[in-house]
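Using the sequences provided together with the hints, build the complete structure.
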Amino acid sequence: DTSGKTIALSNNYAGNSWRQAMLESWGKVAYQAVQDGVVAGADAFTTSENQATEQAAQIQNMILQGYDAIVLNAASPTAINGAVKEACDAGIIVVSFDGIVTEPCAWRIAVDFKQMGRDQVKYLEQRYPDGGNLLEIRGLAGVFVDDEISAGIHEQVESTKFDIVGSVHGDWAQDVAQKAVAGILPSLPEVKAIVTQGGDGYGAAQAFEAAGRPTPTIIMGNRRDELQWWKEQKDANGYETTSLSIAPGVSTLGFWVAQQILDGKEVPKDLTVPFLRVDQDTLEEILAETPVGSVANVEYALEDAQKLIQSAK
Amino acid sequence: MNRDHLRILLPVLSLGILLAAVFYMQPRAMSYFGLNLLFNLAVPVALATIAQMMILMVNDIDLSIGTFVSFCACVTATFVQTDPLIGYGILFAAILVYAGMGAIIYARGLPAIVVTLGMSFFWSGMAVLVLPSPGGSAPDWLRTLMTAKTPFLPVAIIAPIVIAVVMHYFIKRSSLGVLLRGVGGNEQAIERSGWSVMGLKAFAYGVAALFCVLSGMALVGLATSADANIALRYTLLSIAGVILGGGEFTGGRVSPIGAVIGALTLTLAASFLSFLHLSPDWQIGAQGAILIIVLAVRLVFTRREALI
Amino acid sequence: MVENQNVIGTEEVPIITLGDAGVSFGPVQALKGACLSIMAGECIGVVGHNGAGKSTLVNVINGRLTPTSGDVSYDGAQSVADFRNAQRARESGIRSVFQELSLCPNLTVLENYRIPYRNMPIKGWRKNAASAVLASLDAVFPDHGIDPYSVVADLPIADRQMVEIAIAFARRDIDARLVILDEPTSSLDGAIADQLLAYIKKFCASGGSIIFISHMMGEIFDVASRIVVLKDGTIIENDAAQNFTRDGLVDAMGHVAPDDQTRGADTKRRDFGDEVLRMENGLNACQGEVVGLAGLAGHGQAEALAKCFLERTSDWSASRNPAVVFVAGDRSRDGVMPLWSIMRNLTLQTLVEFSRTFLVDRKAEQNIARTWHEKIGIKTDDLNNPILSLSGGNQQKVLFSRALASSAPIVIMDDPMRGVDVGTKKEVYRMIRSEAEKGRTFLWYSTETDEILECDRVFVFRDSEITAELKGDEITEENMLRASFEMQEAGE
Amino acid sequence: MNMNSNNTRVENPKRGASHLLGVFSRKPWIWAFLAAGATYLATLVVVSTSAGAGSLLYAALTFASFSIIVGVGQMFVVTLGPGNVDLSIPATMTLAATLSLKFMASDPTMIVPGLLIAIGVGLACGLFNFALIMLLRIPPIIATLSASFLFQSLAIWSNRGLRIKPPASLADFATGGTFGLPNAAWVALLVSVLAWCVLEKTIAGRWISASGQNTRAARLGGVPVNAVRFGVYVGCAVLAGLAGFVLASFSGGANLNMGTEYMLMSIAVVVIGGSSIAGGNSNVPGIWGAALFMFLIVSMLNSYGLGAGVRLMLTGLIIVSVVVLASKRGRKV
Ligand SMILES: Nc1ncnc2c1ncn2[C@@H]1O[C@H](COP(=O)(O)OP(=O)(O)OP(=O)(O)O)[C@@H](O)[C@H]1O
Ligand SMILES: Nc1ncnc2c1ncn2[C@@H]1O[C@H](COP(=O)(O)OP(=O)(O)OP(=O)(O)O)[C@@H](O)[C@H]1O
Ligand SMILES: [Mg+2]
Ligand SMILES: [Mg+2]
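Chains as they are written, first to last, in the working numbering: chain A, 1 to 313; chain B, 1 to 308; chain C, 1 to 492; chain D, 1 to 333.
Check the hints yourself; a few may be wrong.
To be verified - In silico BS3-like cross-links for lysine-lysine, where the CA-CA straight-line distance does not exceed 25 angstroms:
no., chain 1, residue 1, chain 2, residue 2
1, A, K28, D, K102
2, B, K172, C, K123
3, A, K161, A, K122
4, B, K172, C, K127
5, D, K201, C, K363
6, C, K438, C, K375
7, A, K231, D, K102
8, C, K231, C, K425
9, B, K149, A, K85
What the hints assert, rightly or not - Sample of chain B residues with no beta-carbon within 10 angstroms of chain C, all distances over it, derived:
no., residue
10, F79
11, T82
12, L179
To be verified - Examples of chain D residues toward chain A, derived with CB under 10 angstroms:
no., residue
13, V47
14, T49
15, S55
16, L56
17, T62
18, R163
19, I164
20, P167
21, G177
22, L247
23, A248
24, S251
25, V298
26, G305
Don't read these hints as lab results, they were simulated from the structure. Ideal placement from N, C-alpha and C gives every residue a C-beta, glycine not left out.
Right, dumping it as structure tokens:
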């Protein structure tokens with residue numbers, strides 16, 4: 001019985017549509033759970049800046065406020081380990097998702113970012129068995145996710161005939177990606193495809209269009225404007241690609257896992273969620289479900305969490 | 001009661017009021033454990049604030065503190081951990097670069113704000129080179145030091161007190177401190193007495209760099225690892241801390257105790273805002289508002305100077 | 001002066017000897033061929049007009065200025081003059097109280113003592129410093145009531161001056177042998193100044209030397225054993241104090257009286273228009289009048305002028321019909337735009353007046369510039385040259401033109417003739433006269449007596465207050481000196 | 001008379017030297033263009049085709065435009081003299097962009113009101129900055145910084161990170177080109193020409209330059225210095241609002257972090273472009289050179305395959321060197 005327990009969400013950034021969708025999913029599912037008497041409270045906190053130091057302080061404040069569990073999307077996999085350890089020492093359950101932490105006492109609902117990189121290249125290999133030139137758009141320099149995805153991509157490219165001819169940092173922002181791509185484009189030979197990290201596909205497409213070059217196959221990241229663009233291209237000329245990203249609703253999975261742990265269930269420390277993937281045939285369906293300006297999403301229910309826990313055992 | 005005492009009164013009062021409010025909202029905070037949680041992340045902020053204070057003291061401003069502390073943290077989590085000799089060597093060289101920057105700024109009459117802005121790109125690049133992705137780990141002694149269970153008072157309280165007292169003695173009591181503050185107060189008077197203003201400025205920058213190094217190390221000790229963006233916020237926090245602590249942008253009017261109190265106040269203000277369950281939308285705005293309010297209150301304490 | 005040295009005795013070594021020392025700042029020769037030696041126990045009074053070169057002289061003595069010609073020797077050592085003079089002076093026990101306050105306002109009294117004391121022992125220095133400053137304050141100014149722990153910015157101006165003097169006399173590793181006091185009493189009241197004078201006498205009696213610069217004749221006669229009179233950078237008198245009388249001294253330092261044909265011949269008009277200006281401190285002016293502000297430099301004339309200007313103009317808008325215009329004397333601080341051409345500098349004030357739109361009317365601008373180029377004779381063949389390519393006097397002419405080109409009824413002039421040559425001065429006087437006759441009012445502050453003599457009415461300032469209003473025949477150099485110097489009777 | 005003849009003699013050599021220096025210092029933008037040109041050529045080494053060379057230039061012009069628009073605003077502020085810098089540009093851009101895109105809600109008929117909203121937001125932000133500086137006498141650096149926190153909060157609150165697309169016709173305009181130049185560059189050109197006219201042709205321009213060289217002397221020379229400062233801070237914020245609007249239209253929506261890089265960028269283009277941070281001397285063409293340079297250096301390092309670390313380091317070193325070199329020129333004149 002967890003009806004007396006409280007769970008807090010510690011979030012480090014709210015400045016993009018993915019995070020907003022994540023907070024919204026949490027709000028919806030957690031509010032319902034509180035209404036249903038499953039837990040006594042489920043508050044969400046966001047730091048004012050995307051900084052590990054701020055999030056560490058936030059977690060310390062949560063310890064003081066006496067939450068029973070903290071669900072966490074971390075600014076850094078390692079830099080808040082100190083605070084997480086303190087929470088564990090205080091008897092608090094810590095479940096991290098998306099941005100996971102390496103501290104052993106915490107649970108991790110991981111997305112295999114390396115796998116995400118590999119999958120992009122695998123898809124492309126299937127499309128272009130003869131290989132070709134790839135452009136890589138990375139995220140923000142010095143951040144964990146950026147390194148993981150990039151490592152996955154490079155690893156997989158080794159075993160294919162693809163060539164990475166250029167690599168730029170798009171800082172996960174449409175406009176920065178667009179700028180960086182436009183800058184490197186003139187020096188690139190023909191580009192077959194672009195591997196991305198999510199949220200920068202539309203910018204890349206714009207840059208190619210502006211330079212008057214044929215649009216390569218751009219791997220998308222589930223943002224509504226990317227899907228919309230893809231749909232337009234598909235309708236116009238049968239453009240084909242794939243789109244994959246972690247669903248923002250994974251926060252609700254974090255919520256249920258924390259609830260299960262509080263309930264005394266045996267839960268392995270490492271859980272893995274699949275990506276949310278949009279394919280040529282599911283495009284219309286998912287596009288219709290995605291709100292304007294937001295990101296493709298699924299929310300998880302208690303049963304999904306239980307299934308996940310079961311399968312991990 | 002002289003002007004210095006008056007100047008320190010406002011920060012002490014604001015910290016007191018804030019602390020009382022936090023204790024009222026969260027009585028749990030009133031314990032060894034609670035104080036440690038409230039304040040341990042204020043230690044690196046306080047060190048960075050002291051660094052900024054050293055620069056403001058000689059009438060300059062440093063916009064590269066955040067990236068420089070990040071760089072120091074990256075070096076600490078990598079080289080200092082694995083090859084201490086090289087690690088300390090890098091940090092020492094960085095301190096020399098800082099001192100040289102101070103000397104050049106004075107000798108060429110450069111605007112410190114632009115030079116440090118340029119240097120912030122430089123340090124940020126260096127940090128990414130040292131540590132391309134988050135990680136590294138804290139040297140054991142550092143971790144032990146930052147998490148030590150000291151009797152009676154937690155490290156989080158002892159460290160700021162030690163920093164404040166040491167710097168108070170250095171800046172406000174030692175005879176070298178007098179000269180440094182004199183540079184901010186009346187550069188010409190210092191020069192007339194035959195001192196090298198350039199040397200003093202370089203020294204002030206060097207000490208600032210030393211405190212940035214300490215800040216980076218303390219941060220790694222608390223966080224257990226580093227990343228290249230770990231301390232970007234310290235630039236703004238440190239300026240705000242000095243000003244909240246009763247310091248002024250010009251005239252060599254700074255107070256180390258005030259600066260430390262300012263840093264604690266800023267950290268506590270963030271906790272206070274989170275205990276308030278203030279909407280995250282407004283948290284950053286609330287920080288701006290606090291800055292504006294305190295600076296506006298200072299108007300009462302300082303004379304206004306007219307254009308002519 | 002040669003006898004003077006002989007009297008004291010050839011076996012004694014002078015603390016400092018200047019041999020034919022000269023200092024020039026570019027074309028300005030601030031000090032010419034100064035010969036002076038100072039023996040232990042002497043108190044030298046230095047007098048002279050503003051800009052006579054007094055501060056320059058003492059700055060050579062304390063080593064801050066390296067003479068551009070001649071040499072300096074300390075304690076009879078070999079005569080050299082180079083950048084290490086400051087150190088030599090320090091080591092010979094020469095200390096200075098500068099004309100402008102040179103304390104750090106953010107430090108406490110005892111901390112300010114630390115700054116000139118280079119080799120201060122570290123151990124317990126605060127306690128030692130506090131007691132040293134306190135001892136010195138007690139010695140010079142009994143009953144001063146200054147706490148050495150108080151911050152200088154908190155102290156009133158007189159207390160700061162006292163602190164600075166006390167620090168100069170305080171004990172250090174090298175004892176004070178020659179203390180230079182550059183107008184130390186300018187912000188002290190009578191009783192406290194008397195304490196200082198008494199201390200100076202005591203100090204000299206015990207073998208110390210003093211250089212004492214003051215505009216208060218009484219003080220000079222009270223303490224000085226020898227008086228040096230400077231005029232236009234030259235030492236014109238250097239003799240034992242008893243050989244001077246007060247009037248003789250004023251005569252010696254006074255400017256050459258203007259030749260009588262020019263002055264007085266200007267029949268001064270008595271029929272001015274209505275009063276167009278009146279300020280709180282009693283300063284007033286009528287239409288068409290040339291009002292002079294006299295008195296020693298730094299006694300509030302410049303502030304009064306600035307206030308008068310600022311009160312009548314706005315920070316927020318510029319009028320097509322400005323009420324006042326300003327001619328700056330301190331060019332670099334108050335007048336010149338260093339990055340601009342001559343033409344732009346000349347037309348700054350009249351931009352709005354001569355443009356019908358928000359655009360700069362280039363044609364009108366050129367016309368004005370050309371008109372004034374000829375009218376006032378600015379020495380350049382291209383008005384688009386940078387202003388800094390002009391000599392100081394010509395820059396000043398540009399500033400004059402800037403103001404006179406405007407139609408404003410009141411013109412405020414803050415010592416506007418600095419660096420202007422004699423011929424132009426005459427021309428400007430004539431222009432001012434004719435503008436005044438057309439109904440313009442001039443407020444004219446000058447440090448030069450013959451300029452003040454051009455005025456219809458004169459207000460003499462002392463300590464930011466008006467001490468005398470002189471009209472017509474009352475406007476004489478003597479009357480002005482009398483009103484601006486505090487003629488203490490103690491002197492005689 | 002004797003003195004007069006002396007004067008002429010001294011003046012002649014002086015005028016010759018300062019004339020040369022004057023010519024030199026009147027065109028400090030040459031350095032920025034030289035640097036941009038050098039970087040461009042260095043990038044061309046790895047650009048294979050001639051079409052590539054053209055498209056690199058086109059891209060550079062496009063992206064430099066945004067830096068130019070904010071840079072021009074920042075230039076006016078910097079021209080006011082030491083201590084004057086507007087750090088609220090990024091927040092103002094973000095706020096103006098989010099509010100106007102939200103208002104337009106992708107409706108093509110709302111473009112003009114949307115633009116007016118962006119400009120209005122800029123106006124309000126500028127007013128707020130100026131009020132803090134003038135009324136509360138907070139130093140400009142910290143005033144604009146604190147204000148930017150508030151603007152940022154407002155932006156977060158107002159649209160919660162949703163990316164609303166600009167109306168299609170607006171997006172087409174922002175990404176399109178006319179007569180071989182990107183439309184964004186036309187906007188930047190318009191802004192630059194206006195700014196240049198203000199500085200060179202109008203009375204206000206004279207006033208700004210005078211206030212920056214010596215506020216006290218300007219005031220005594222009849223310049224309404226408060227009005228000048230007011231105009232400059234408000235103008236800078238309005239330009240930031242405009243830049244936010246164009247950038248959001250260009251990149252398909254407003255982001256909460258879209259302005260971040262323009263804080264340093266706006267100052268860097270001003271300084272590299274040859275305007276003196278010590279005030280009074282501003283330089284519109286130089287901003288173009290510097291903005292192109294800032295874009296091209298990133299392209300060059302990316303094209304060479306150099307990483308983010310090296311890129312940042314070099315950028316920093318270049319800014320510092322330019323400032324040091326510029327100071328040398330400043331001293332001599
Ligand atoms: N740094 C300088 N550069 C150029 N000219 C200078 C400089 N210092 C002094 N002068 C000029 O040298 C002359 C002598 O100045 P000095 O300061 O010695 O006069 P003073 O007798 O002390 O006058 P006062 O009574 O006003 O103090 C003046 O004409 C002054 O303008
Ligand atoms: N504001 C004050 N007014 C009067 N006396 C003071 C004041 N502050 C300190 N004192 C006294 O002056 C003496 C010296 O104090 P201070 O702390 O400055 O010296 P100190 O500790 O010996 O210095 P240091 O440790 O730097 O050598 C003490 O007796 C102290 O009580
Ligand atoms: Mg003590
Ligand atoms: Mg003098």
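Hint-by-hint comparison with the structure:
| no. | hint | in the structure |
| --- | --- | --- |
| 1 | A:K28 - D:K102 | holds (24 angstroms) |
| 2 | B:K172 - C:K123 | holds (15 angstroms) |
| 3 | A:K161 - A:K122 | holds (11 angstroms) |
| 4 | B:K172 - C:K127 | holds (14 angstroms) |
| 5 | D:K201 - C:K363 | holds (12 angstroms) |
| 6 | C:K438 - C:K375 | holds (17 angstroms) |
| 7 | A:K231 - D:K102 | holds (23 angstroms) |
| 8 | C:K231 - C:K425 | holds (20 angstroms) |
| 9 | B:K149 - A:K85 | holds (15 angstroms) |
| 10 | F79 | holds (36 angstroms) |
| 11 | T82 | holds (40 angstroms) |
| 12 | L179 | violated (7 angstroms) |
| 13 | V47 | holds (5 angstroms) |
| 14 | T49 | holds (8 angstroms) |
| 15 | S55 | holds (5 angstroms) |
| 16 | L56 | holds (4 angstroms) |
| 17 | T62 | holds (7 angstroms) |
| 18 | R163 | holds (4 angstroms) |
| 19 | I164 | holds (5 angstroms) |
| 20 | P167 | violated (13 angstroms) |
| 21 | G177 | holds (8 angstroms) |
| 22 | L247 | holds (6 angstroms) |
| 23 | A248 | holds (8 angstroms) |
| 24 | S251 | holds (4 angstroms) |
| 25 | V298 | holds (6 angstroms) |
| 26 | G305 | holds (7 angstroms) |
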